[in-house]
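So the protein lines, in turn, are chains A and B. For the record, in the first sequence the residue sitting at position 106 is 115 according to the working numbering, with numbers rising by one throughout. For the record, in the second sequence the residue sitting at position 181 is 289 according to the working numbering, with numbers rising by one throughout.
If you're looking for bench data, these hints aren't it; they were derived computationally from the structure. The model shown is predicted, which means the values in this text are computed figures rather than measured ones. Ideal Cβ positions, reconstructed from N, Cα and C, are used throughout, including at glycine. Among the hints, a few may not be true.
[What the hints assert, rightly or not] Selected chain A positions facing chain B (in silico; Cβ < 8 Å):
1. L14
2. S177
3. L185
4. N190
5. F193
6. E194
7. K195
8. Y197
9. E342
10. I343
11. K345
12. D346
[Said to hold, decoys possible] DSS-like mimics (lysine-lysine), calculated; alpha carbons at most 30 Å apart, straight line:
13. B:K278 with A:K183
14. A:K98 with A:K143
15. B:K157 with A:K17
16. A:K183 with B:K158
17. A:K183 with B:K113
18. A:K178 with B:K157
19. B:K175 with A:K56
20. A:K179 with B:K113
21. B:K278 with A:K206
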Amino acid sequence: MHRNLKLKLFLFFFLLFATISFAFLFPRLTLPFGFAYIIYLMAQPLKVLLLNGSGQQRIFFFMLLILGVVFSMFPLFAAFYNIDTDFSKFSAQLPELQKNLQDKFFIFKVYVFEKIGYRINIDPVSFVVRKLEKQGALLLAQIPTYLSSFFEWMLLVPMFLYFFFFQSKKFSHKFLRSIPNSIFEKTYVLTSQFNTKFGEYIIAKFIEATFLGTIVTIGLLAIGFPYPFVLGFIAGITNILPYIGPLIGVLPALLVALLSQDPQISMLGMVFIFAFANLIDMVLVFPLLVSKVVDLNPIIVVVSVIVGGQVGGIVGMIVIIPFIAFFKLLFQEIYKDLSVQL
Amino acid sequence: MSYEKDMMEKNQRGEVIPDKLDIPLLKYLWDASPLSFGSSKENYHEFFKKISVLNSFSDNELRLFSKFLHRREFITSEVIFRQGDSGYGFYFVFQGSVNIYANHLNPNKDDLGELIIRLDQRQYFGEMGLLEEFNRRSASVVAAENTVVLGIFKPDLEKMLEFYPVLGAKFLRETALIMANRMGHLTREVMSLKRKIKELEQRV
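One chain only, chain A, in its complex shape (with noise of 0.2 Å):
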């Protein structure tokens, strides 16, 4: 190869260690990054949308955006709403909750003193409570902390998102000029294939934690179960991890269920209201939407997301399926060279 070719593959390659080092070193800038790269790929559809077809049906989309943005975020103020209702009147009731447990522990320990004649001293009840409010001080003297991240993310998202939508493809033509000619055909194929699929991805589980969340809502709400709105909103929000997403979803559920002393409140019914969305998620929504973007065998999933909840927490355990999926792609492809030179 010419010097100069190993050169420029030597520098591409070196630069783009530097980039992915350089995110990893600042990750207050890649995660406002990233959102604002989520977002963007989520408007992606909508850019279909308006692009395509003649100037009338363009008008007729871009009416259509605005009258769906503008009626909306009424159910979604209202929901809110709710969900800020449901939080303090669970806040409320903490202290009514902690007795309850504290009463179910007292009478567990004197089944085991008339059982076995045993004494338990310990007091889990009491050291949960207490670990509770130390975890509460200290969220409290991190609240200025959270505050200027919160404010540094909105003056950072736009921003990224005015690159994205702006600029990105100016930058991209330049970033794909820089590509050795060498790897050239075969990174912008892969590149373009990751951007598809992890697009496809985030819009599949956005639609799916929608679906689900609504299910559980409307079902708790029919059923009479306290605290719908946010319930439902954490059913949705967990589904967005494979597998063991649903699992996580249905505790706090269970714990107000097993906590309260409402005998109208059934847990035969949440459980089925559960049991039911996620039934509909399994049979509908996963096959149609999810599971065509990301083919993969789901151990090997599970095993992905515990993966990465360990490398990057809950973000790592939502983004690392497309990367998965992206990477069987890439070794797939080097599969296929080497069998052709062999």
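Using the hints provided, position chain B relative to the given structure of chain A.
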């Protein structure tokens, strides 16, 4: 007029040129800005107008089509792609020329094989890479001199079909026509070879 041209003309006229660069601060900041990507507008419109297979494209379609292209520069003897590589793109020779080689005996070796044809400006190659799902390049292409090619790749075609379906369909039709022409040529070659083999068999 650019600063560089101005200085060259002053030099030619024998006028005194300043020791230091005298680029206005604003121009410097504009060029140095990471958000500024230069002002050079690549207009491939005239180039594509002279390509026969794109005859049916209107001016606006050619303008849109050129947005999907990637300009790649190759130095003399630089390999554009090798026989047996995965193929994803279709190239037009914008400047310079390329040599096409095929190694019939050992297609996976580093040896490029024998020269098949030389393609000059406004000629094209690699169209099968754009259409086939798992394409393997059937020949190697090497820049015969310092060459600029304009490439369009599978993701670009998908984007074109998504955002400009009429343009995408038109381009696909033209690519299919190129393929059909090549197939026709191949069929004639095979028939001629068969005829020659038959003649040889009769002689033997």
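Status of the hints after comparison with the structure:
1. L14: 7 Å, holds
2. S177: 11 Å, violated
3. L185: Status holds, d = 6 Å.
4. N190: 6 Å, holds
5. F193: Since the shortest Cβ distance to chain B is 7 Å, the answer is holds.
6. E194: E194 (chain A) check passes; min Cβ-Cβ to chain B is 5 Å, inside 8 Å.
7. K195: 7 Å, holds
8. Y197: Since the shortest Cβ distance to chain B is 6 Å, the answer is holds.
9. E342: 7 Å, holds
10. I343: 10 Å, violated
11. K345: 6 Å, holds
12. D346: At about 6 Å, which falls below the 8 Å cut-off, the nearest Cβ of chain B leaves the hint on D346 (chain A) intact, so it holds.
13. B:K278 with A:K183: Distance of about 28 Å is within 30 Å: holds.
14. A:K98 with A:K143: Holds: K98 (chain A) and K143 (chain A) sit about 21 Å apart, inside 30 Å.
15. B:K157 with A:K17: 34 Å, violated
16. A:K183 with B:K158: Distance ~27 Å between K183 (chain A) and K158 (chain B) Cα, so the pair holds.
17. A:K183 with B:K113: 26 Å, holds
18. A:K178 with B:K157: Since the Cα atoms of K178 (chain A) and K157 (chain B) sit roughly 25 Å apart, the hinted pair holds (cutoff 30 Å).
19. B:K175 with A:K56: With Cα atoms ~17 Å apart, K175 (chain B) and K56 (chain A) stay inside 30 Å; holds.
20. A:K179 with B:K113: 27 Å, holds
21. B:K278 with A:K206: With Cα atoms ~27 Å apart, K278 (chain B) and K206 (chain A) stay inside 30 Å; holds.
Going down the numbered hints, you'll see the structure goes against 2, 10, 15, while the others check out.
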